[in-house]
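The chain contents come next:
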Amino acid sequence: ACSGTTREDGESDRDAGAGASSTATADPNAPLAEDLAVAFLPKQVNNPYFTVADEGGHAAVEEFGGEYKEVGPSEASASSQVSYLNTLAQQHTDVIVTSANDPNAVCGALNSARSAGARVVTFDSDASPECRDLFVNQATAEDIARTQIELIAEEIGGSGQIAILSATPNATNQNAWIELMQQELEKPEYAGIELVTVAYGNDEDEKSFQETQGLLSSYPDLAGIISPTTVGLAAAARYLSGSEYGGRVALTGLGTPDQMREFVHDGTVAQFALWDPADLGYLAAYAGAALASGQITGAEGETFTAGELGEYTIGADGEIVLGPPTIFTADNIDDYAF
Amino acid sequence: MAGSAIAPPLLHLRDVTKSFGPVAAVRGVSLPLYPGEAHALVGENGAGKSTLVKMLAGVHRPDAGHVELDGRPVALADPAAARAAGIAVIHQEPTLFPDLTVAENIFMGRQPTGRLGRIDRAAMEGAAARLFARLGVALDPGRQARGLSIADQQLTEIAKALSVDARVFVMDEPTAALSGIEAERLFSVTRGLCERGAAVLFISHRFEEVFALCRRVTVLRDGRLVSTGLVADVTVDTVVRRMVGREVSALYPREPGAGAARGEVVLDVRGLGRRGVFEDISFTVRAGEIVALAGLVGAGRSEVVRAVFGVDRHDAGEVRVRGRRLPPGSPAAAVAAGLALVPEDRRRQGLVMELSVQRNAALTRLRHLARLGLLSARRERRFAAEWAGRLRVRHGGLGDPVGTLSGGNQQKLVLAKWLATGPRVLIVDEPTRGIDVGSKAEVHRIISRLAAEGLAVLMVSSELPEVLGMADRVLVMREGRITAELPRAEATEESVMFAATGQREVRA
Amino acid sequence: MTAADAHSSPASPDARAAQNASPSPAPPASGAPPAGGRAPGPSGGRRGAARLGAARETGVLLALLLLVAGTTLANSRFLSAQSVKDILLGAAVMVVLAAGQTLVVVTRNIDLSVGSVLGLAAFATGKLFVAQPGAPLPLALLVGLALGAACGLLNGALIAAARVPALVITLGTLYVFRGLDHSWASGEQINAADMPHGFLDFGTATVLGVPVLALIAAAVLLAVGVFLGSYRTGRELYAIGSEPTAARLSGIRVGRRVFLAFVISGALAGLAGVLHAARFGTVDATVGTGMELQVVAAVVVGGVAIFGGSGTAYGAALGALLLTTIGSALTVLRVDPFWQQAVDGGLILAAICLDRVLALRGTRRARAKEAPHGA
Amino acid sequence: MAHDTLYASRPRRARRARRAAGPGPLRPLLRWDGAVGLALLLVALGAALLVDGFATAGNVRFLLLDAVAVALVALPMTLVVVTGEIDLSVASALGLCSAVMGRLWVAGLPLELIVVLAVALGAVLGAVNGLFVTAFALPSLAVTIGTLAAYRGLAFVVLGDDAVADFPFEWTDAVAGTLPGGAVPWAMLLTALLAVAFGVLLHGTPFGRGLYAMGNNAEAAAFAGIRVARAKFWLFVASGATSGLAGVFWTLRYASARADNGQGLELSVVAAVLLGGVSIFGGRGTLPGVFFGVLLLATLRNALQLADVPADTLDIVTGSLLIASVVVPNAIARARARPATGRAAPAGEPTAPPRQERPEREDTEDAPA
Ligand SMILES: Nc1ncnc2c1ncn2[C@@H]1O[C@H](COP(=O)(O)OP(=O)(O)OP(=O)(O)O)[C@@H](O)[C@H]1O
Ligand SMILES: Nc1ncnc2c1ncn2[C@@H]1O[C@H](COP(=O)(O)OP(=O)(O)OP(=O)(O)O)[C@@H](O)[C@H]1O
Ligand SMILES: [Mg+2]
Ligand SMILES: [Mg+2]
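Chains as they are written, first to last, in this note's numbering: chain A, 1 to 338; chain B, 1001 to 1508; chain C, 2001 to 2375; chain D, 3001 to 3369.
One chain only, chain A, in its complex shape (with noise of 0.2 Å):
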């Protein structure tokens, strides 16, 4: 799960009347449930990432035939999304692809929901664990944090000074990539590269804009930065190409194609990874599919296939992991269109 949100995760009281189906057994080979009612609820609707990733669970929707839809708060806050989970609980809804906001506050409407019979997925985002069944990752944490500073090493030949211009300082992924990132660049093949400093452009424009300056400003030195997040990423390659810095700072970090398309044919950026969130929406439906059908009960090592994407086993803590990133340059950017 995502790490770092809570205090003392502490044995949960939470999961009283949910979960009815981890005592249930699976049967790999009922088929998938005909006409299931399926909701795709992202942090935020109108957000590009999740516009696209929900488009592809509702092309997995369309494949085995249930019914979908979107729903969801236009700002990105948990206790909006309670709101909306008690109404899909009142809707009677049969599966539930979320992307939680607040790890725990959605928790007691999510088990809400659970005990009104839905089956619960969560994607990109986790939830606690004890009030989902399952979590599909788009990478492991581990995967995104490699990579990444696998990216950056390269741009900047093995050694320099680097910086990290992140979403908000309470965005759960992007802290736990951080952390794993902070841990990678302790291995001895990156001993001449130093993380200099974290900065948060909060997923705004301006914002992110004023900490690249910023960045660049204070450390004189700076040879690359790394952004995990995708609005960060293009408001930092946007600064870079009109600056006397572009060219002279090496930037990667996480981001779609469509957004870093220019920068990446102009040279600002190099290369940058990312998965594709279409993807990681269809395997989030099929998923809850294989729950709501009975094909998997959320236990680890548990399969199910997840239509063109092929078959996916249950990890630890009922994590799917979609797949490694993908990584993006100037020869296979323009395969893209996301």
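Don't read these hints as lab results, they were simulated from the structure. Heads up, some of the hints might be wrong.
[What the hints assert, rightly or not] Pairwise CB distance ranges, derived in the manner of DEER restraints: (1) B:A1377 with D:V3124: 33 to 39 Å; (2) C:G2290 with D:G3034: 32 to 38 Å; (3) A:D334 with D:D3052: 55 to 61 Å; (4) B:A1075 with C:L2061: 50 to 56 Å; (5) D:A3048 with B:D1222: 55 to 61 Å; (6) A:A116 with C:S2186: 28 to 34 Å.
Every residue, glycine too, gets a C-beta built ideally from N, C-alpha and C.
Given chain A's structure and the hints, the job is docking chains B, C and D with the ligands onto it.
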């Protein structure tokens, strides 16, 4: 005055009628204004004078009847239209822009412009300064209008009207806040306007002004025209009788020595000072005594009483009420100690215009009207009705916003609200500003009676006859200091004016 | 600032309220009554008023200079050409918005929908380039202006025709415009690759080292400043904000003027949207979210009285510059990110307090000078 | 007092005047609160008939739980806005109290004590606002925009990116618990009781009367001996304390103490207060109106969500409702005024006081061409 009765009227109101809901403010009034003469409009408070003015100003549209200019009907749809038709209006209540300079207030929308249509500030301030020179006042055109005293506001309004190149001047109680000197200057300017062929409609509750300035006088009662004719044909008494519909008892009903039964010192002001405004103000007021604070406009009288009451802070000195020192800057403490202040600016300081008559009346007595901390609407209503009745406040209903009352009736309501507190010291600042003769006599009688009953009264007034007629003792202020203290016997127009101006030869 | 302020205002809360109450709740500085401009010296009050007016902007300017000086001491690169250019670029959008907001605020109104209008215009710009990759730059600017003006038109029409408080209407249209933006975009994002190079270069181009965006903002500011300061219509806006009743009585077409202010504010928000798109190269439906409060903060910090009637566009622009610079300075000083927002809020408070103290000082000195007998 | 002559009563006049007064102070109450209450009733009825799953105990419970925080904060906000001020820092104060609550829980304090401390902290935060607004005479809009940033920032300073989530089950469960029947949460009942208390304070006491007076004309209120600054100061304290309480509720309801709790709530509160008929310029509005306004917004949102209306449409509906809430009554008032020709002009113009940009009382002249 060059007007001749044969000339056709410049402006003619024909059978105009205006009601506000159930209140018929003006009913079928016809009024001709002839070029070259001043026409007085008199009537009790609430008779409909200001409503008539507002129809000329384009603020209200008549429900029936119309206005003719040069014999042709004109539609005065809004204030801009009225101005375009050559009508300049001084409203009863000054309405200035507090954030703008005095000069800008005067020329708003008509500022002189220079290159590229940009405003020429120097020219504008020069023009304003010339206007003030004509009125004989030293008001700085470049200062902000915020903080101008009521009199200065009124003077600015006058300057604004004069700055318009108008043929008809409508003046709604322009002198209410002015002392004799400024009023006299206004009259000479007005006579000049008449000589140039302008028509003037002049409203005042002071008959000496009406008789000194106007050629014709029209009397309104309850929105109806009672009489109209030449001033030469009437006397003050006939006009008053027509206005009020009955005989009015004497003004200033205070016999010499009425306050003989003076009690202990109730209000004791020692060395009071506020930097830049007034300094070293010391006086006492005894129970049963009426002390007047006289002086020219801007002498600082209002500032002193505001500081005594605690709405302004003073930098020096102290105020004691029956020996107990008042904490500075706390009107609430002053009220608790038995002080009441009827302020000079009723719109800003005296009343809350959006609230109803009832709520305004009860505002100072809320704690007494509450039982167990809760107010009862019934008690409040009874209380308000009682006090509105005592001061003969004319209003449509107790639930109506107080802004719908006529100016004089608003003033009476402010008095009512403070008398209701049963104060030990009553401070009144221009208590009869804008009040008609009948009510004025009533107010004077009330104040005298209260004094006779042991109340200590401190009265600020710019009306010298009122000061001389009412006061047991007159304190005169000039430029922020007390320059004379005159017992009733020594207080004359001469002596007061001398102390107020420092010059011997001034006529009030 | 606390001590100084407390010292300069010995009044009990009650008396203070009384002093400041007329005729509208006291905005910073304007609540202090300038002492009488009567007999003692006609020009005293005038000079006092002028000094007061100056003090308004001086306060903000002083705060700005202190901030820049302090930050530069800590990190000399804060004043490097690139850094100054960045600050100017960052402030450009805000200055345009602040100039528009000033027009509205001096009329005792407020436009909370600017953030949403900016977002809508930015997205429209993106859409325009997606549909017409060859569209010329002036066309984009025109589209932004026109779209913004249309939004302002709606605001203005509702406010002026229906005679209802602007805060309610624009809070409503804040939601409505944003909702429209979201429906239109439905999750789409327009990226740098979708926009022509000419447009993107426009976002970073400089003339003699000064960013073009900043020049545009300066031109807008100058136009608004001169309009407000020296034209009849501009002065009428102040009159309306100072005393709406009196404005109507003196024949000012209040409805039309307020309407005009909203249309201009909307148009400038639209323009700001285009500038925003040019600068960041990425737009989606969330652009400009929450910007309205920043703009209002900038305007208020810049000494524009929130209850109308006083303040200048230049002050508001200084306020915008100050707030942007605070953001940059905190970043450059590498203030702990968790502390940044707290410090930001504290600095806003400090700035308005400083403004207040300077204003009070000004009045006190003016009053002392006019004391009757040289007291 | 000895002035019996003047102070003797005149019953006949009094009675006549009373009759003339009509329903007086009740009139606005009937008009506006009634309208919002009616709208609430209609929306609820319509939703019950048309939207599946709306009229269930479970749904009503969620609806009311979602409304509690906004309702709580809206109560003192109503009073604050009636005096002509505004407090935009409420949501940040809520967040800071929530963050501190989490920090204290981690430190091992008993929850009873923490709740008290959180509310007390809220009061202190409110007092800071009050001090800036009254003693330093700064505009509350500016001050609370500043503290909006400052308090939220402090919340992050206190708790950083952590979330504290291990509050005891009894507490988190109790907060979401309901009265017998399962529809009405205890929390909402308490909020309603608090609303009654604030309502009586505003509408039935001298203190409340004074708030209207100062909202309309602070100078006249001060001249009448009302302690304007003191009243405002305590209202800001009340606003802060209630935000603290809302912070406690929020933390336990979502079992999560976080620095960003309640972000953006201030606009919802202001929207509800305005919808409830409170004039943003002060001096007008009623508490029942606001309470109904909060419930109306919550009900509408819930019903539309159940009906699968997308979020952007929801925003458009909320915004339009807000606009309609001021435009429609104004249009009706004007339409009603037109036949009786006389009503064309506003009350007392030009004698009306400066701040009179009110709906309903505006005149018709000078509309834009
Ligand atoms: N806007 C209004 N709404 C309702 N009633 C009004 C309005 N304006 C005036 N009235 C009423 O019309 C009547 C005439 O008022 P008006 O102001 O014309 O009196 P006035 O003769 O000027 O009195 P005063 O000498 O006191 O100034 C009064 O009864 C007043 O209450
Ligand atoms: N609130 C205020 N702020 C600043 N200056 C003021 C204020 N009120 C009055 N003044 C100025 O103080 C001086 C004294 O005014 P004050 O009102 O006390 O005079 P007054 O003797 O009562 O005369 P008036 O007949 O005009 O009321 C005047 O120059 C006036 O312009
Ligand atoms: Mg009148
Ligand atoms: Mg006076």
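Hints, one by one, checked against the model:
no.	hint	result
1	B:A1377 with D:V3124: 33 to 39 Å	37 Å, holds
2	C:G2290 with D:G3034: 32 to 38 Å	35 Å, holds
3	A:D334 with D:D3052: 55 to 61 Å	47 Å, violated
4	B:A1075 with C:L2061: 50 to 56 Å	51 Å, holds
5	D:A3048 with B:D1222: 55 to 61 Å	57 Å, holds
6	A:A116 with C:S2186: 28 to 34 Å	29 Å, holds
Violated hints amount to a single one, hint 3; each of the other numbered hints is respected by the structure.
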